[in-house]
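A.B. asks: So you can see what is in the structure, the chains are spelled out below.
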Amino acid sequence: DTAVSQTPKYLVTQMGNDKSIKCEQNLGHDTMYWYKQDSKKFLKIMFSYNNKELIINETVPNRFSPKSPDKAHLNLHINSLELGDSAVYFCASSQAPNMNTEAFFGQGTRLTVV
Amino acid sequence: GQQVMQIPQYQHVQEGEDFTTYCNSSTTLSNIQWYKQRPGGHPVFLIQLVKSGEVKKQKRLTFQFGEAKKNSSLHITATQTTDVGTYFCAGPYNTNAGKSTFGDGTTLTVKP
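Quick mapping for you: the protein sequence lines, in order, are chains A and B. Here the first sequence is numbered in our numbering, starting from 50 and rising by one per residue. Here the second sequence is numbered in our numbering, starting from 124 and rising by one per residue.
The hints are simulated quantities; they were obtained by calculation from the structure and are not laboratory data. Everything numeric in this text was worked out from a predicted model, so none of it was measured. Incorrect hints may have been included.
Below, simulated EDC-like cross-link-like pairs (lysine to aspartate or glutamate); rule was C-alpha separation at most 20 Å, straight line [to be verified]:
| no. | chain 1 | residue 1 | chain 2 | residue 2 |
| --- | --- | --- | --- | --- |
| 1 | A | K90 | B | D227 |
| 2 | A | K93 | B | D227 |
| 3 | A | K85 | B | D227 |
| 4 | B | K174 | A | D87 |
| 5 | B | K180 | A | E151 |
| 6 | B | K159 | A | D87 |
| 7 | B | K159 | A | E151 |
Using the sequences and the hints given, assemble the complete structure.
C.D. replies: Listed below in structure tokens is the structure:
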């Protein structure tokens, strides 16, 4: 029973397309995150929701829009995809906000924009 | 900007040698966490340190939190090939400064 699951695992798409990545956690956590990991393995926080409220919104292009329909789900929609968006996107969850407690990560979505 | 700085970025060791990665913060941290990411995998939580000067051990791994709560280290004794991966430290998100949480990571390779 996967704690944090995200789909799809791989996503290959053309420039200009719009795509979504979905994430679900069954841990009962209040906080969820989206991270971007580039080719150098740097992990950069993008967004975080706590109880469906956006609490972290790092400087990312507004082509990226998170949506949290409920505490257990956090989706990421990306409009007008660009080559530079290619990366691995990780969803994570934790009991307390702002990375103050252990975070559980999903398996990642490898996005390739061609 | 980065809240926590981590060095080295890469470390290559012979199996059996020791390994250490260091994290430094410009601000006092309420806690620090360590994660391990295997090649092709996702970050997995290892430990959280909260107290000043805290030292915790997990088998061959020793984690330390500095007295000023601004630095931390992870030391692996007698590395094994199963230790390969990228080790990250992570501090709490600084809402005032808008700074990210994870260090840049140290990628460890172990030669058998």
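A.B. asks: Give a verdict on every hint.
C.D. replies: Quick rundown of the hints versus the structure:
no.	hint	verdict
1	A:K90 to B:D227	holds (8 Å)
2	A:K93 to B:D227	holds (9 Å)
3	A:K85 to B:D227	holds (13 Å)
4	B:K174 to A:D87	violated (32 Å)
5	B:K180 to A:E151	holds (17 Å)
6	B:K159 to A:D87	holds (16 Å)
7	B:K159 to A:E151	holds (13 Å)
Against the hints set out earlier in the document, a violation occurs for number 4 only.
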